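So you can see what is in the structure, the chains are spelled out below.
2 protein chains.
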Amino acid sequence: MRFGLFVPDLNGRDATLLLTYLSGLTCTYENVMTKGGAFAACVEHGVALLMPDTSPRGEQVADVDQYDLGQGASFYLSATQEPWRAHYQMERYVVAELPALVESANLVHARHRSIMGHSMGGLGALHLYFRHPNCYERVSALSPIVAPSVVPWGQAAFRTYLGEDCNAWHSYDPCHLAQRCHGEQLSKAIRIDQGLDDEFLVRQLKPELFEQACAASGIPLDLQCHPGFDHSYFFVQSFMAAHIQWHSQNLSQNVKTTQ
Amino acid sequence: MRFGLFVPDLNGRDATLLLTYLSGLTCTYENVMTKGGAFAACVEHGVALLMPDTSPRGEQVADVDQYDLGQGASFYLSATQEPWRAHYQMERYVVAELPALVESANLVHARHRSIMGHSMGGLGALHLYFRHPNCYERVSALSPIVAPSVVPWGQAAFRTYLGEDCNAWHSYDPCHLAQRCHGEQLSKAIRIDQGLDDEFLVRQLKPELFEQACAASGIPLDLQCHPGFDHSYFFVQSFMAAHIQWHSQNLSQNVKTTQ
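Protein sequences, first through last, are from chains A and B. Counting in my numbering, the first sequence runs from 369 upward without gaps. Counting in my numbering, the second sequence runs from 369 upward without gaps.
Calculated from the structure, these hints are not laboratory results. Please note that the accuracy of each hint is not assured.
[As the list claims (entries may be wrong)] Computed from the model, here is a short list of chain B residues facing chain A with C-beta under 8 Å:
no. : residue
1   : K403
2   : G405
3   : A408
4   : A609
[Said to hold, decoys possible] Just so you have them, the derived chain B footprint on chain A, three or more residues with Cβ under 8 Å:
no. : segment
5   : 405-416
6   : 598-606
All figures in this text were calculated on a predicted structure; none of them were measured in a lab. Each residue gets a CB set at the ideal place from its N, CA and C atoms; glycine is no exception.
Could you build all of it, start to finish, from the sequences and the hints given here?
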C-alpha cells in the first residue's frame with residue numbers, strides 16, 4: 369500500500385494534529401497531494417496530513433471493470449463478501465494500521481487525530497468517525513456521500529462488499545449512524561462543504577438527508593453550500609485550507625483519543 | 369491554442385492585475401491550473417491569472433522527439449529557423465495576441481499587467497519583461513533558467529529556434545538583457561525564488577549569474593533561496609501565493625502599460 373504523508377517543518381516542534389484525508393472514487397493517494405493545495409495551511413496550523421489510497425491495490429487484489437467498484441473504490445469499509453473479503457479491509461487499515469505505521473516509523477507524533485474526506489472519502493470519514501468514537505476528535509467532509517443506503521453509488525458498493533443485509537448497510541451509513549450516536553459525539557460540530565453546481569448533488573449526495581439526521585439527534589452540523597462549485601478538485605482546493613484550520617481550532621483540551 | 373484563465377469573483381469589481389504565468393518544459397496550460405494552488409491568493413489579492421500553453425500544438429506544428437525541444441518547449445521566443453518559424457511565435461502570442469483575446473472577449477479587464485513563470489517559463493517571463501518594457505509592470509520567477517546562452521537547455525533551444533547568431537541568443541538571455549536595460553526597469557525589483565535541492569540548479573539554472581548581472585546594472589534583485597525544495601510543482605505551490613501577493617503589492621500608481 370502506498371500513501372502520502374505531509375509533515376510540516378515546525379522547527380523541531382511536533383505537529384499538533386494528524387489529519388487523515390480520504391479521497392474519492394478513482395483517486396489514489398496522489399490526487400490530493402498534487403491537487404489539494406493543502407500544505408501551506410498544514411504548516412500554518414501545525415497539521416500533519418495523512419493521505420491513504422482509496423483501496424487495496426495489486427494483481428492479487430479483486431477488481432472489476434467499473435470506476436465505482438473494486439480498486440479505487442473501497443468505500444473504506446470491512447468487506448464481508450467474496451471475493452472482496454480478503455483485501456478490502458480498509459477500515460482497519462485507515463483507523464489503526466496506517467497511523468500505527470507512521471508513528472512507529474517516527475514519521476509523525478501528534479497529540480490529536482481527526483479525519484476528513486471528499487465524496488466517497490467524505491463517506492468514509494463520516495462512518496469511521498461515528499464507528500470509532502475514540503479514534504477521531506472531529507470529522508469534516510467535502511461533497512460527501514452521506515446516504516449510501518439510498519443512492520446508486522452506495523447501494524452498488526454495499527451490495528458488493530456487504531451483501532444484502534440492511535443492518536450491515538446501515539452500520540456504514542452516516543444518516544443512520546448519526547441517529548445512533550451518543551456521548552460526546554452528540555455535542556461535537558461536524559462541518560460539511562458542498563458545491564451547488566455539483567453534478568452528483570441530487571442523485572448521489574443528498575446532503576439534506578444528513579442535515580435531517582443530525583437535526584433529529586441534536587448533532588450540530590455546519591453545512592455550507594457554495595453556488596458555482598462543482599465536484600472537482602478545484603472545489604476541494606478552494607475549501608481545503610478552511611477545513612484544515614477548522615480541525616486545528618477545534619481540538620479538545622483533554623486528549624482522549626486512542627486506537 | 370488552449371489556455372487557462374482564472375478570474376476571481378470580486379462581487380462585480382474588476383481584477384486589479386492580469387498576471388501571466390508561463391509554465392516550464394513538458395507542461396501544458398493545465399499543470400499550474402491543477403497543481404499551482406494559486407487561486408485562493410488570486411481571490412485575496414484581486415488577481416486574474418492567465419495560463420498559456422508552453423508551445424504551439426497540433427499535427428501541423430513542427431516537433432521533435434525530445435522533451436526539451438519542439439512541442440511543450442517553445443522557450444516563448446520568436447523562432448527564425450525552419451521548420452519552426454511558421455508556428456513557434458510564442459513571444460507575440462503571450463505578449464499581445466492572448467491578452468487582446470481575453471480582453472476583447474470581455475473575460476477580464478485589469479488595469480495592471482505583470483508576468484511570472486517557472487523554469488523555462490521563468491526564462492520566458494524574464495526575457496519578455498525586458499524585451500517589452502511597456503507590457504509588464506513587474507516580473508518574478510520560480511527556479512528560472514536565467515543564463516540560457518551558457519546552459520544545455522538554453523543552448524539547444526536557441527540553436528534550434530534562432531540559429532547560430534549569438535546576438536540573437538543574447539537578445540533572449542536575461543543575463544544580457546539585464547545589462548542592457550535602462551529607464552524605469554533599472555529601479556524595479558525582480559523577485560526570484562529558488563530551491564536549493566533543485567536537481568537542475570548547478571547545470572541548468574545558475575541563479576548566481578543573474579545575480580551578478582543585476583548587481584552590475586543596479587537592478588534590485590530579491591533572490592530567495594530555500595533549502596530542501598526541489599524543482600517540482602510542490603516547490604511552485606509553496607511560493608505561488610507569495611508571488612501573487614508580491615505582484616499585487618507592487619503596482620504603479622500611474623499605469624503606463626500598453627501593448
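Going down the list of hints, with the structure as the test:
1. K403: Holds: closest Cβ of chain A sits about 5 Å from B:K403, inside 8 Å.
2. G405: 4 Å, holds
3. A408: Holds, about 7 Å.
4. A609: Because about 7 Å separates B:A609 from the closest Cβ in chain A, which is inside the 8 Å limit, the hint holds.
5. 405-416: holds (count 3)
6. 598-606: Answer holds; 4 residues pass the 8 Å Cβ test.
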